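Chains as they are written, first to last, in this note's numbering: chain A, 659 to 1091; chain B, 659 to 1091.
FYI, nobody ran anything at the bench for these hints, they're computed from the structure. There could be a bad hint or two in this list.
Since the list gives no way to pick out one identical chain from another, each pair is judged satisfied if it fits inside one copy or across any two copies.
In the DMTMM-like style, the derived pairs of lysine to aspartate or glutamate whose C-alpha atoms are separated by at most 20 Å in a straight line are [to be verified]:
1. LYS938 <-> ASP1049
2. LYS938 <-> GLU955
3. LYS1059 <-> ASP918
4. LYS938 <-> GLU833
5. LYS1059 <-> ASP1049
6. LYS1071 <-> GLU1034
7. LYS1059 <-> ASP1090
8. LYS700 <-> GLU775
9. LYS700 <-> GLU852
10. LYS700 <-> GLU687
11. LYS1059 <-> GLU1033
Bear in mind the structure is a predicted one, so any value in this text is a computation, not a measurement.
Protein chains: 2
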Amino acid sequence: MAGEPIYIGILGFGVVGSGTYETLVSNQESIDRKVGRPVRVKKIADLDWSTPRRVSVPPPPEMQSTDAAEVISDPDISIVVESIGGVNPSREFLLAALRAGKNVVTSNKELVARHGEELFDAAAAGGCDLMFEGAVGGGIPILRPLKSCLAGNRITRVMGIVNGTTNFILSRMAEMGADFADSLAEAQRLGYAEPDPTNDIEGHDAVFKLAILSSIAFESRVSVESIYREGITGITARDMQYARELGFAVKLLAIGVENDGALEARVHPTLLPLDHPLAKVSGPFNAIFVHGSSVGEVMFYGQGAGAMPTGSAMVGDIIDIARNIRSGSTGRIACTCFEDRPVRPMDEVVTRFYLRTRVVDRPGVLAAVARIFAEEQVSLASVLQTDASGDSAEIVWLTHKTRERQMQASLRKMRDLPEVREIAACIRAETDA
Amino acid sequence: MAGEPIYIGILGFGVVGSGTYETLVSNQESIDRKVGRPVRVKKIADLDWSTPRRVSVPPPPEMQSTDAAEVISDPDISIVVESIGGVNPSREFLLAALRAGKNVVTSNKELVARHGEELFDAAAAGGCDLMFEGAVGGGIPILRPLKSCLAGNRITRVMGIVNGTTNFILSRMAEMGADFADSLAEAQRLGYAEPDPTNDIEGHDAVFKLAILSSIAFESRVSVESIYREGITGITARDMQYARELGFAVKLLAIGVENDGALEARVHPTLLPLDHPLAKVSGPFNAIFVHGSSVGEVMFYGQGAGAMPTGSAMVGDIIDIARNIRSGSTGRIACTCFEDRPVRPMDEVVTRFYLRTRVVDRPGVLAAVARIFAEEQVSLASVLQTDASGDSAEIVWLTHKTRERQMQASLRKMRDLPEVREIAACIRAETDA
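If we strip away everything but chain A, and leave its shape as in the complex, we get (with noise of 0.2 Å):
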């Protein structure tokens, strides 16, 4: 391939750092003749070279660095991947390397979810492309079709399991009748899940996602302390029993709706219909669903995380900005929140309910907790009373459409019911779209 390389510089080389590497050196003539130019890794910067990576063939010792400073202030180096993780120093070495006229990929979901506005500033005064596609869903393709394919849409839902740790913990115990701490403890197993894994199960990670995810969808900045979260350590395998006995899947869902110019944006357990596209996913896989003004609903799906899956997201980013560098269009696409659209709070926003009551066992009981439901006018699609163990009952309740406000005021009054023993569980279900 002829002509001037197209030089980078690689932040991290860790799981996705090298994961990019080998990607772009497995391919490199492909991707050579793709950009029109040879893209030529120059230099990487870690703090640790010790450590064998997963590589067919280790970087050579004149790339290695272990200064970050000295990739991005390379005068050589055009795009700067990086592949630390974390806010700090990220954000600092990518803030340089912007302002020193660097394009820039990541893959970082909490950096561009908290810091997206300040990158997009940055790359926009030196005209940079800054992408990151690798940040949601892993290798699926996602932004870049909401950015481009998509584009002549008004979107109006996103709805995505974006989180194939909690993904697997929630198919297992659908699919094996398992409680939660032993599928945990098979994802740790497996190597799905981290040692401490609170920012998967507690929907910290699914956040980052759909505040990058929802900001893209509705061109709005969705902030991160706008997003309701919810994770999954309250979900049992008698909860899921039940929902499939009502024809529900239960997944944790990031969803994103825009709805007469407002937002919403919520990370929750949610039960979805068994025939929804999305409640047949299953083990650690991502999908996103998309619903368009045009195109109706779309799915994406594949494989939401892992070194081979984030590079492959990685390197497609380096080869868009590439035949940006090539054809002199760098910055073509740059940040698309136009509008300023609020974030509805959770106490507004309408979904159905499942709830599992554990009521004193005697005549007139569930007449008082559906008296509460009148009074707070939350509409009841089924009723189920079962297991009367000893001398309580369990009673489990679908409702329609009710505003979060109406339905917490309920478990409010509900708790105060003396023949109520516990409110066992209460999950939102999404039955539209």
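Place chain B on chain A using the hints.
Same frame as chain A, but now just chain B:
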């Protein structure tokens, strides 16, 4: 929106043309901002302006033309959208447009499949863009993701449900036990099938789409003529039932495979394991499954046809081109058929086979047929003998991986065997990837 407008001309104002127009007009403000300049339709050519179209606001009289040449030669127009369909006169119109330096958007699968090279040559000569995202999978983003997001992968397999008509028919047969003729009639009644359904049910439409899909996936031009084709008219409810019992769904798949530098390209009914993501795609929906070296498995799902979904894809292309016009980078991604990979003759293709035979019901017949398989080195995975009605019995065979040539040789020998009354069905099965 300030700046000189980017003007669009539309050739053909039928279903797709009006869907494109509607999408452009109803999202005008958002599109303008994304592009950074106003994007406006200037002229639409159609021979018939008397039939009402499904658009919110009909194009004003000054936009209406009956002469394609008027659109193509208009010096203000920089993007020509073709929505006439068919090869002629679309081909001449688009060659003229490209030679006049216009960028082109089309969803005309037959035209691109048959004349893609000629069109790309004309586009390259003028430094123009030629885009056709809507030609495969309607509104589903698939071609641009292959060319960009997944560009760092070596793609080894594409498998698509790319024809909604046949998927509707097969889904109905599977779900209701209905036969082919009845399901086709229902598809016609609902508007999913044309009055003359040949193009869909015989697999021609899927062949055009596979030619495009595999040319892009494998970076090597796959001609329409090199693609093996078999429609769904021979599929019976009985075979769908047996397939399900064996753990398979039956789908019409467009399959492209790259292996040792050579390709497979084939459209035929296929048994797929029930837990494969494509097996769960039902009704008129489309989905394309891709296997890439880094990304692993990804799947793209959505509505594969219709005015608005296809309009969504066309407008995505228009926005992409308009961004190139604004940033002076039209022709940024040209034809990517860099390789010249041969397509293997069908005889050499290896798949599994489902076979249903009716045989004379007497001792030794099963052994006689099994001996033929043994002679041709066809290895059997399962055999199911049932339904002795009168003097004949039905035997269902499922093979392990078998070279097509050996299966065909087996079938010839079986036809010569007096005990074999009928080879009632022979359907390929895919159990990998």
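So, going through the hints one by one against the coordinates:
no.	hint	in the structure
1	LYS938 <-> ASP1049	neither (38 Å within a copy, 44 Å between copies)
2	LYS938 <-> GLU955	both (15 Å within a copy, 15 Å between copies)
3	LYS1059 <-> ASP918	within (18 Å within a copy, 55 Å between copies)
4	LYS938 <-> GLU833	both (12 Å within a copy, 17 Å between copies)
5	LYS1059 <-> ASP1049	neither (32 Å within a copy, 61 Å between copies)
6	LYS1071 <-> GLU1034	within (10 Å within a copy, 75 Å between copies)
7	LYS1059 <-> ASP1090	within (10 Å within a copy, 42 Å between copies)
8	LYS700 <-> GLU775	neither (29 Å within a copy, 36 Å between copies)
9	LYS700 <-> GLU852	neither (32 Å within a copy, 57 Å between copies)
10	LYS700 <-> GLU687	within (16 Å within a copy, 43 Å between copies)
11	LYS1059 <-> GLU1033	within (15 Å within a copy, 65 Å between copies)
Going down the numbered hints, you'll see the structure goes against 1, 5, 8, 9, while the others check out.
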